[in-house]
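Student: Protein chains in written order, with UniProt numbering: chain A, 1 to 259; chain B, 1 to 259; chain C, 1 to 259; chain D, 1 to 259; chain E, 1 to 259; chain F, 1 to 259.
Simulated from the structure, these hints should not be mistaken for laboratory data.
Every residue, glycine too, gets a C-beta built ideally from N, C-alpha and C.
Some clues are possibly wrong.
[To be verified] In silico BS3-like cross-links for lysine-lysine, where the CA-CA straight-line distance does not exceed 25 Å:
{"id": "1", "chain 1": "F", "residue 1": "Lys148", "chain 2": "A", "residue 2": "Lys78"}
{"id": "2", "chain 1": "B", "residue 1": "Lys78", "chain 2": "C", "residue 2": "Lys254"}
{"id": "3", "chain 1": "F", "residue 1": "Lys78", "chain 2": "A", "residue 2": "Lys78"}
{"id": "4", "chain 1": "A", "residue 1": "Lys148", "chain 2": "A", "residue 2": "Lys254"}
{"id": "5", "chain 1": "C", "residue 1": "Lys160", "chain 2": "C", "residue 2": "Lys217"}
{"id": "6", "chain 1": "A", "residue 1": "Lys140", "chain 2": "E", "residue 2": "Lys78"}
{"id": "7", "chain 1": "A", "residue 1": "Lys140", "chain 2": "C", "residue 2": "Lys148"}
{"id": "8", "chain 1": "C", "residue 1": "Lys217", "chain 2": "B", "residue 2": "Lys254"}
{"id": "9", "chain 1": "C", "residue 1": "Lys148", "chain 2": "B", "residue 2": "Lys217"}
{"id": "10", "chain 1": "A", "residue 1": "Lys160", "chain 2": "F", "residue 2": "Lys164"}
{"id": "11", "chain 1": "C", "residue 1": "Lys140", "chain 2": "E", "residue 2": "Lys140"}
{"id": "12", "chain 1": "E", "residue 1": "Lys140", "chain 2": "D", "residue 2": "Lys160"}
{"id": "13", "chain 1": "C", "residue 1": "Lys217", "chain 2": "B", "residue 2": "Lys169"}
{"id": "14", "chain 1": "B", "residue 1": "Lys217", "chain 2": "B", "residue 2": "Lys24"}
{"id": "15", "chain 1": "E", "residue 1": "Lys251", "chain 2": "D", "residue 2": "Lys217"}
{"id": "16", "chain 1": "F", "residue 1": "Lys140", "chain 2": "B", "residue 2": "Lys140"}
{"id": "17", "chain 1": "C", "residue 1": "Lys254", "chain 2": "B", "residue 2": "Lys217"}
{"id": "18", "chain 1": "B", "residue 1": "Lys78", "chain 2": "C", "residue 2": "Lys148"}
{"id": "19", "chain 1": "B", "residue 1": "Lys217", "chain 2": "C", "residue 2": "Lys164"}
{"id": "20", "chain 1": "A", "residue 1": "Lys78", "chain 2": "F", "residue 2": "Lys160"}
{"id": "21", "chain 1": "A", "residue 1": "Lys164", "chain 2": "F", "residue 2": "Lys217"}
{"id": "22", "chain 1": "A", "residue 1": "Lys140", "chain 2": "F", "residue 2": "Lys217"}
{"id": "23", "chain 1": "C", "residue 1": "Lys164", "chain 2": "C", "residue 2": "Lys251"}
{"id": "24", "chain 1": "D", "residue 1": "Lys217", "chain 2": "E", "residue 2": "Lys254"}
{"id": "25", "chain 1": "D", "residue 1": "Lys148", "chain 2": "E", "residue 2": "Lys78"}
{"id": "26", "chain 1": "B", "residue 1": "Lys148", "chain 2": "C", "residue 2": "Lys78"}
{"id": "27", "chain 1": "F", "residue 1": "Lys160", "chain 2": "A", "residue 2": "Lys24"}
{"id": "28", "chain 1": "E", "residue 1": "Lys148", "chain 2": "E", "residue 2": "Lys217"}
{"id": "29", "chain 1": "A", "residue 1": "Lys78", "chain 2": "F", "residue 2": "Lys254"}
{"id": "30", "chain 1": "F", "residue 1": "Lys164", "chain 2": "A", "residue 2": "Lys217"}
{"id": "31", "chain 1": "E", "residue 1": "Lys231", "chain 2": "E", "residue 2": "Lys160"}
{"id": "32", "chain 1": "B", "residue 1": "Lys217", "chain 2": "C", "residue 2": "Lys251"}
{"id": "33", "chain 1": "A", "residue 1": "Lys140", "chain 2": "C", "residue 2": "Lys140"}
{"id": "34", "chain 1": "E", "residue 1": "Lys140", "chain 2": "D", "residue 2": "Lys217"}
{"id": "35", "chain 1": "C", "residue 1": "Lys140", "chain 2": "B", "residue 2": "Lys78"}
[Stated by the list, open to error] Away from chain E, derived, C-beta distances all over 10 Å, residues of chain A:
{"id": "36", "residue": "Asp22"}
{"id": "37", "residue": "Arg137"}
{"id": "38", "residue": "Lys140"}
{"id": "39", "residue": "Trp141"}
{"id": "40", "residue": "Asp161"}
There are 6 protein chains.
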Amino acid sequence: MSEQSVFAAELSWPDYDARVRDGKVPILLPIGSMEQHGHHMPMNVDVLLPVEFARRVAMQTGALVAPPFTYGYKSHQKSGGGNYLPGTTSLDGATLVAALRDVLKEFARHGVRRICLFNGHFENSWFIIEGIDLALRELKWGGIDDMKVVVLSYWDFVDKDTIKRLYPKGFPGWEIEHGGVLETSLMLALHPEQVRLERAIDHAPASFPPYDVYPPKPEWAPASGTLSSPKEASAEKGEILLQVCVDGIVKALKTEFPN
Amino acid sequence: MSEQSVFAAELSWPDYDARVRDGKVPILLPIGSMEQHGHHMPMNVDVLLPVEFARRVAMQTGALVAPPFTYGYKSHQKSGGGNYLPGTTSLDGATLVAALRDVLKEFARHGVRRICLFNGHFENSWFIIEGIDLALRELKWGGIDDMKVVVLSYWDFVDKDTIKRLYPKGFPGWEIEHGGVLETSLMLALHPEQVRLERAIDHAPASFPPYDVYPPKPEWAPASGTLSSPKEASAEKGEILLQVCVDGIVKALKTEFPN
Amino acid sequence: MSEQSVFAAELSWPDYDARVRDGKVPILLPIGSMEQHGHHMPMNVDVLLPVEFARRVAMQTGALVAPPFTYGYKSHQKSGGGNYLPGTTSLDGATLVAALRDVLKEFARHGVRRICLFNGHFENSWFIIEGIDLALRELKWGGIDDMKVVVLSYWDFVDKDTIKRLYPKGFPGWEIEHGGVLETSLMLALHPEQVRLERAIDHAPASFPPYDVYPPKPEWAPASGTLSSPKEASAEKGEILLQVCVDGIVKALKTEFPN
Amino acid sequence: MSEQSVFAAELSWPDYDARVRDGKVPILLPIGSMEQHGHHMPMNVDVLLPVEFARRVAMQTGALVAPPFTYGYKSHQKSGGGNYLPGTTSLDGATLVAALRDVLKEFARHGVRRICLFNGHFENSWFIIEGIDLALRELKWGGIDDMKVVVLSYWDFVDKDTIKRLYPKGFPGWEIEHGGVLETSLMLALHPEQVRLERAIDHAPASFPPYDVYPPKPEWAPASGTLSSPKEASAEKGEILLQVCVDGIVKALKTEFPN
Amino acid sequence: MSEQSVFAAELSWPDYDARVRDGKVPILLPIGSMEQHGHHMPMNVDVLLPVEFARRVAMQTGALVAPPFTYGYKSHQKSGGGNYLPGTTSLDGATLVAALRDVLKEFARHGVRRICLFNGHFENSWFIIEGIDLALRELKWGGIDDMKVVVLSYWDFVDKDTIKRLYPKGFPGWEIEHGGVLETSLMLALHPEQVRLERAIDHAPASFPPYDVYPPKPEWAPASGTLSSPKEASAEKGEILLQVCVDGIVKALKTEFPN
Amino acid sequence: MSEQSVFAAELSWPDYDARVRDGKVPILLPIGSMEQHGHHMPMNVDVLLPVEFARRVAMQTGALVAPPFTYGYKSHQKSGGGNYLPGTTSLDGATLVAALRDVLKEFARHGVRRICLFNGHFENSWFIIEGIDLALRELKWGGIDDMKVVVLSYWDFVDKDTIKRLYPKGFPGWEIEHGGVLETSLMLALHPEQVRLERAIDHAPASFPPYDVYPPKPEWAPASGTLSSPKEASAEKGEILLQVCVDGIVKALKTEFPN
C-alpha cells in the first residue's frame, strides 16, 4: 500500500475511496492476454504494454490504474497466429464480456464515472465493446446514467509520420504487427531482459487471402508465431513509440475527461 | 522472456511448449481478487500472496506459474466485510466459473495435465470447484480424461502448532482472519513497503450471529474493513507462515504429482 | 387447501394473498438436495430436515413455508462424499442460482419482503448467496429495494454446550457431519421409520489432507458415504437438536423480522 | 429409508444403486409448479397430482419416483390465469430447462436409461422438451446414447368416452381445465381435506380471442383464477380419472420400457 | 427504399423514424423457421406465409412489417415430423428467446409501443412467450412500461364454419396440419410455382399415442414429412383462408391497437 | 419449391437432402442486419447485398444459399453511425453467436461439411468468429471434426486497382464506407428502385479520433447516418464491384472447396 501509487490496488480502501468517490478521477483498465509472441518474446506482452502505457498516462493525469485483465479473447490467425498455437491461453467471448461488465459496474458502485480501457490485444476489441454496452445498460437499470467509458488501443495513436520513421521500408499494417517491430521495440525499451532478439525468426510479412478459414490453416501463418519480422526493432524505436502514444493518449483523456 | 522463469507468461512459446507438452509439468494458477484489506494494507493482497506462494513452490518443484486471476468473487460480510465496501471489485459467480473453465481447457490444449489452483480469496472457493467441474466435463467431451486438478488455499497448510505460535492469545478462526495477523504478517515479510501497520485499526475480533442477512448489515462488521485486529502481525510471523505453508504445499504437490 | 396451514402451497391464493401482500409475513424456503447419506438413511435427509425446521419455526412465528428445493448443488468430497456417488443427484451451480433468483423475485411480486432460506445441504451455501445477490439486484432494477433475506443452516444454531452434550467423545466438525450423529439423530427423532441404524457403517471420522483433488479420489472418503460414524446417534439427541435449533432460529427471526 | 419405497429418495444409496445401475428400472420424475388454482384449492395441485400418478404407476411397474420439481414455468393467461396472479411462483424458461437437463444427466450417471416425466402443469411442456433435448445432446457428447425419455401429461390419457362421462354437459377443452372439474375431482378423490368446494366460484368457461396479449389483460380471465367452473367436480369422477389415466400410463410404459 | 413500403427495412431511417417514433404505428414481426414441409413444398413455408399475412394486414392497417425471423425452434415430432429430418434447421430455445427479446427492445428504443408477432411455426409458441416476457421485464427496468405485444398464429383465425368448408371429410386438427391442406392451399394461392402437388404423398393423418418419446421414433411419423395429406389442397381454399385470416387479424389489431 | 433453386429453403427436403448429404455441396449463409443506411437507402442493404453475392456465387459453383440472418450485431459509431440511431435493430453479441452456432450445427447434422458465411455487416465479424468456434467445438464433442467454414465480407475482394477506378478522388477506407459509394453503387446496380440518390446527404468523410467513447457521441458522426458521401455512386460502379467480388469469391471457394 502506498498512498501515492497510481495502481488502484496498491492503495488502501480509504485512500482509494477518497480518490474516486466523487467520480472525477478516471480508472485506467488494461485488458491484455496470455498469447504467444514468437520465439523472441514472452507471452505477457499484451499485459505488460498496456499496463505500462496506463501507468505513464496515470502519472501525467492523476488517474488510477486498475489491475489488468491477464487473459483475453482467442487469437485470430490473421492478427495473432491463431488460437491453436501453444501457450496462447484464451477466454470465450462471453467470458470476457461478462468479466468486463462486472468490473465496470463495480467501479461505478465505488463512485467512478470515468473509465478508460487500455487494450493490449487486438482480438479483445469487439468483446470489449459488448462488455461496455452491457455494463452501461445495467448501470442505467440501476439508476446510473453518467458513466463515460473511453476505449483505446495504444497503437492507434501512432501517427503517419511516426510510422514512416519506424518503418522506413514500408509499414505492413497493424493487423500483422503481431510480435513485430512495434511490440518488440516497446519491449526492448521497457523490458529488455525479456527479449531475445537473436532468437527472432526473420520472415516476410504474413500475407493472407481476403477471407478466413476455420479451423485455421497452420500453413497460412509463419511457424514462428510472429506475423511480421521483428528484426528491425530497437529500443530507440520503442522510446519513440512510448512518447508518441503516451502524448496522444494523455491528450485524448484531457479532452474526454476535462478538469 | 527468460528461458528460466517460473512464470509461464515470461517464457516464449517454444520454451513453454517444451516444458508442458508432455503433461508432466504442473501449472500453478493463482486466483485472487481486488478487495479492501483494511486501512493498513492495499487491495492486492489476495493476488500478491498466492502469486508468491506459487512462485516459491514452483522454484522447488519445477512447476510453472500462470498469470493470476486479478479479480474474484464477491466479498462476503463474515469473511471479507461485505461487497458494499469501497474498493472491493468483484465478479459474478458465473463469470469466475467461466473464466476458470476456459483457462483450464486452454492449458489442457497445450498438453498440461496437472494444475494446482492457489486460491488467495476465501470467497472464490465454491466457484473454483464449479469451474473445475465444468472444465473437466467439457474436456471429457473432447476426449481428455486424464487432467488432474489440485485446489488449495495456502492458509489451510498452517498446522495447529504454528497457530499456537502465531496466536498466543487465541486464534480467531480463518474466516475472520481478513486483513488480520496472517495476511498482514505475510505482507510484512514480503512487501513491507505496502503495509502501514500504524494505520491499522485495533478492534476485537468480529463476532457474527449464526446466520447471514442480505443486503449485508454494515453495523455487523468493523468499519475498518478488517475482521480481526492486525496489530500483532510481524514480519517474523510472516516468515514462519511462508515456510510452513510452502513446505506443506510442496509436499502435497509431490504426493499428487509424483515424479 | 387449509386456511391454517403453515405451508404456503397448501393455501388457496386468496388466503395466501391475504397473508403476504403487506410484506410482514416471512416466507421460509427450505433448500435441500437429493444426496446419498450412507447405508442407514435415505437420500431425502437434506429436504426433510430443513422442511421440518421451517415448519416448526413457522408454527411459532406465523411465517409460511414455501415448497422446498428438492435438488441442490453437487456434493463435495470433504462434506458429502463426492458427486460421483450413486444416488446423489445435483444441479450445476448456475441452475441453483437461477432457480433461487427466480423464486425470490416471484415472492417479491406477491408482496413478500421477508424471506428466510433454510439450507439443508452444506454445498448449497455459496450458490444461495449468489442467487440472493442476483435477485436483490434485479429487484432493485424493478424498483423494489426493501427486500430482506436471512440465510441459515440449522446446524449453525447448535451451541458449544450442546455440542459437548451430544459429542461427549469429541466433535468431528460440521464439515464431516455428513450422515453422522447430527443428521441421524434428527432423522431418528422425526422419521424413525426411514432410518436403519443397524445398517450404519461404523468408521473413524474421515480425515482429509488440506487441499482438494479433482476428479475426486474415492480412496479418500469412507466407502459407506458417511464421513463420520452415526453409531452414537439417538432420537434423544435429535430432540435436543430440534429444540436448540428451533429456539435459536425463532429468536433470530424475531430479531431480524420484528413485529 | 425404506427398502421397498417407490420413492427413490426414500431409499438408501446402496438400495437405489442396486435398483438402477443396470438401466432397466425407469425413473418417474414429476414436474409440477406452485400455482394458484382458484378459491377452492391449494397451490400445490400441480405437484400433488403428478406425484400421485407416478406413485401409482410405480407400484404397478416397479419404477421409482424421483423427487418432484416443485416450481415450474410461468402461468399463461389462457391456461392458468396468467403469471400476474398472487401465489403463482414461477421459473424463467431457461431455469426450468437447465434444472431438467442437470437432473436427467445425473440419473444417467447412476446408470438409469429409462425416464418418464410426469408433467402436472401445462405450461411446462415446451421447456421440458428443450431440457430433454439438451440433456440427450450432452449425454451423447459424454458417450451415452441409449437414454430413452417418455414425457406425458396425465390428462392426455383421458379418452373420449371418459370425457363424455365426466362432462355430460360438454367438455370445455383441456386448456381451460385449470382448477376445473378434472383437477378438482382428482383432488377430491386424493386429498379431500385440501379442497373447499363450497368456496369455488361458479362461472362460465373462460373464452378468449384467438390471440394473446402481453402484458396479460386481467379482464380476460375470471377473477377467481379458475378458467372453468369446478362445481361439477366429485370424488367419484376423480376415481374414474385416476383409474383411466393410471391404466393408460402403465400400458404406455410397458410398451416403451418393455421388460 | 420506398417511402410507401409496408416493409420497415425497405424504408430509409428518416422515413421509418417519422412513422414509428410516437408509438402509434404497430410493428408486425413474422417469426418463421426453415423446416421440411413434405415432398411437395419448399422449406420456407413458415416464413413466406406469416410474411404475407403480415403484409396484407399492414396494407389495411398502416402497420409496418419487420424482417422475419428465418430460423425457429426445433420441430416436434407430433407437429412437424421431428427435428431429426433433413433440412429442418432449428435454434435452441434460449437462442430464439434471446433474439426476440433483443429485437423487441430495439423497436422499443425507436419509440414503438405496439408490436404484433405473426408466428408461422407452431413450435415457436412458448419460446415467443418467454422472449416477450424477458423483453417486457427489461424494458420495465429501463423505464418503459407501456409496450403492448400481441401474438398470433394465423391458423387460429380460421373459424369453425371455414373449417367445415375446407375439410368436408373432417378436420384432422391443427397440430397435424403440418404440410397439409392448410399450408399447401395457402402456398398454392400465393406461390404456386413453389408447390409440386403431384409429388405430395397421400397418407392417412398421422396418429400418435398420448405421450412423447425422445429421441423421437421415426416410425411414428409418415416418412414423407407431412402429418396429414395435402392432396385436397387447392388455390381456392387458399384464397378463402387468406380472406378469413386477414379479416380476423385486422379486426383483432383494430381492437387491440385502436385509433 | 423449385428443384433447381439455389436457395436451400426453396427446395423440398428430399431435393435438399440429395444435394447435401454427402457433404460436398457448400452452404452459403448470408449474415446481415437491419441498419440505417442514410437518407437515400433502405435499412435492408446488409441483407440484400450478401444474399445477392451468395446467389451469384451459388449459380457459378453449385452451392446452396441458406436463409439469411436478418438481424445482426450492434452498429458501431465508427463503422455504422452508432447503435443509438433510429431504425438500426440489433442483437446482443451472445445472441448472434448462439444463432450462428445453432444453425451451423444443424447444417452439419444434414451432412453439410462446407459452409461459407457471407457477411454483409462489418460489426458482425467477431461474433461470427466466436459462433464458428463454438459450433466447431460442439461438433467435435459430437464426433464431427471435418467441417470447414469460410468467412468473408464481400468488400474484402475489391482489389487495389478496382479501388482506384471507383474512388478516383481517393479511397476513404472500408470502415467508413457505411452507406457510401460501395454500398450505394451495388444497390443502384441491383435494386435501383430502392435507392433515392437525390436524397443522399453530401458530406466530407467522417473523421474520428483514434479511440472510442461510450455512450457514443452523436456529434462525432454525420447526422445523415452515412459515414462517407454516396454522391459518386453509380450503377456502373456497382456492376464493376459485383463482377470483381463475385469473381474473387468464386475463385476462393474453388480453392477451399475443390472438386
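Student: The structure should be examined with respect to each hint, and the outcome stated for every one.
Tutor: How the hints compare with the structure:
1. For the hint linking Lys148 (chain F) to Lys78 (chain A), the alpha-carbon distance of about 17 Å falls within 25 Å, and the restraint holds.
2. The straight-line distance between the Cα atoms of Lys78 (chain B) and Lys254 (chain C) is roughly 21 Å, inside the 25 Å bound, and the hint therefore holds.
3. Between Lys78 (chain F) and Lys78 (chain A) the alpha-carbon distance is near 22 Å, which keeps this suggested pair within the 25 Å criterion.
4. Distance restraint check for Lys148 (chain A) and Lys254 (chain A): the Cα-Cα separation of roughly 13 Å lies within the 25 Å cut-off, and the hinted pair is therefore satisfied.
5. Among the hinted pairs, Lys160 (chain C) with Lys217 (chain C) is inconsistent with the structure: their alpha-carbon atoms are about 33 Å apart, more than 25 Å.
6. Distance hint between Lys140 (chain A) and Lys78 (chain E) is unfulfilled; the C-alpha atoms sit about 44 Å from each other, more than 25 Å.
7. For the suggested pair Lys140 (chain A) and Lys148 (chain C), the alpha carbons sit about 23 Å apart, so the restraint of at most 25 Å is met.
8. Simply put, Lys217 (chain C) and Lys254 (chain B) have alpha-carbon atoms about 16 Å apart, close enough for the 25 Å limit, and the pair holds.
9. Simply put, Lys148 (chain C) and Lys217 (chain B) have alpha-carbon atoms about 10 Å apart, close enough for the 25 Å limit, and the pair holds.
10. With a C-alpha separation of about 21 Å, the suggested pair Lys160 (chain A) and Lys164 (chain F) falls inside the 25 Å cut-off, and the hint holds.
11. Between Lys140 (chain C) and Lys140 (chain E), the direct Cα distance comes to roughly 12 Å. Compliance with the 25 Å bound is thereby established for this hinted pair.
12. Distance hint between Lys140 (chain E) and Lys160 (chain D) is unfulfilled; the C-alpha atoms sit about 45 Å from each other, more than 25 Å.
13. For the hint pairing Lys217 (chain C) with Lys169 (chain B), the CA-to-CA distance comes to about 38 Å; that exceeds 25 Å, so the pair is violated.
14. Between the alpha carbons of Lys217 (chain B) and Lys24 (chain B) the distance comes to roughly 48 Å, so the proposed pair goes past 25 Å and is violated.
15. Only pairs whose Cα atoms come within 25 Å are accepted, and Lys251 (chain E) paired with Lys217 (chain D) is accepted, the gap being roughly 18 Å.
16. Straight-line distance between C-alpha atoms of Lys140 (chain F) and Lys140 (chain B) comes to about 12 Å, which keeps the hinted pair within the 25 Å bound.
17. Only pairs whose Cα atoms come within 25 Å are accepted, and Lys254 (chain C) paired with Lys217 (chain B) is accepted, the gap being roughly 16 Å.
18. This hinted pair checks out: Lys78 (chain B) and Lys148 (chain C) have alpha carbons roughly 17 Å apart, not beyond 25 Å.
19. For the proposed pair Lys217 (chain B) and Lys164 (chain C), the alpha carbon gap of about 31 Å is over 25 Å, so the pair is violated.
20. Distance restraint check for Lys78 (chain A) and Lys160 (chain F): the Cα-Cα separation of roughly 20 Å lies within the 25 Å cut-off, and the hinted pair is therefore satisfied.
21. With a CA separation close to 31 Å, the supplied pair Lys164 (chain A) and Lys217 (chain F) exceeds the 25 Å bound.
22. For a cut-off of 25 Å, the pair hint linking Lys140 (chain A) to Lys217 (chain F) stands: about 17 Å separates their Cα positions.
23. Taken as a hint, the Lys164 (chain C) and Lys251 (chain C) pair is honoured in the structure, with Cα atoms around 22 Å apart against an allowance of 25 Å.
24. Among the hinted pairs, Lys217 (chain D) with Lys254 (chain E) is consistent with the structure: their alpha-carbon atoms are about 16 Å apart, no more than 25 Å.
25. Annotation: proposed proximity of Lys148 (chain D) to Lys78 (chain E) holds, straight-line Cα distance about 17 Å (limit 25 Å).
26. For the hint linking Lys148 (chain B) to Lys78 (chain C), the alpha-carbon distance of about 17 Å falls within 25 Å, and the restraint holds.
27. Under the criterion of a C-alpha separation no larger than 25 Å, the hint pairing Lys160 (chain F) with Lys24 (chain A) is inconsistent with the structure, at around 47 Å.
28. With a CA separation close to 40 Å, the supplied pair Lys148 (chain E) and Lys217 (chain E) exceeds the 25 Å bound.
29. In summary, the hint linking Lys78 (chain A) to Lys254 (chain F) is supported, as the alpha carbons are separated by about 21 Å, within the 25 Å threshold.
30. For a cut-off of 25 Å, the pair hint linking Lys164 (chain F) to Lys217 (chain A) is broken: about 31 Å separates their Cα positions.
31. A distance of roughly 21 Å separates the Cα atoms of Lys231 (chain E) and Lys160 (chain E); the hinted pair therefore holds under the 25 Å criterion.
32. Simply put, Lys217 (chain B) and Lys251 (chain C) have alpha-carbon atoms about 18 Å apart, close enough for the 25 Å limit, and the pair holds.
33. Simply put, Lys140 (chain A) and Lys140 (chain C) have alpha-carbon atoms about 12 Å apart, close enough for the 25 Å limit, and the pair holds.
34. Proximity of Lys140 (chain E) to Lys217 (chain D) is assessed by CA-CA distance (about 17 Å); at most 25 Å being required, the pair is judged to hold.
35. Proximity of Lys140 (chain C) to Lys78 (chain B) is assessed by CA-CA distance (about 23 Å); at most 25 Å being required, the pair is judged to hold.
36. Non-interface status of Asp22 (chain A) relative to chain E is upheld: no Cβ of that chain comes within 10 Å, the nearest being about 26 Å off.
37. With 10 Å as the threshold on Cβ separation, the claim that Arg137 (chain A) sits away from chain E is violated: the shortest Cβ distance comes to roughly 8 Å.
38. Interface exclusion of Lys140 (chain A) from chain E breaks down, the closest Cβ pair being 6 Å apart, not more than 10 Å.
39. With a closest Cβ-Cβ approach of about 4 Å to chain E, Trp141 (chain A) is found to fall inside the 10 Å limit, against its non-interface label.
40. The beta carbon of Asp161 (chain A) is kept farther than 10 Å from every beta carbon of chain E, the shortest such distance being approximately 39 Å.
The structure shown violates the earlier hints numbered 5, 6, 12, 13, 14, 19, 21, 27, 28, 30, 37, 38 and 39.
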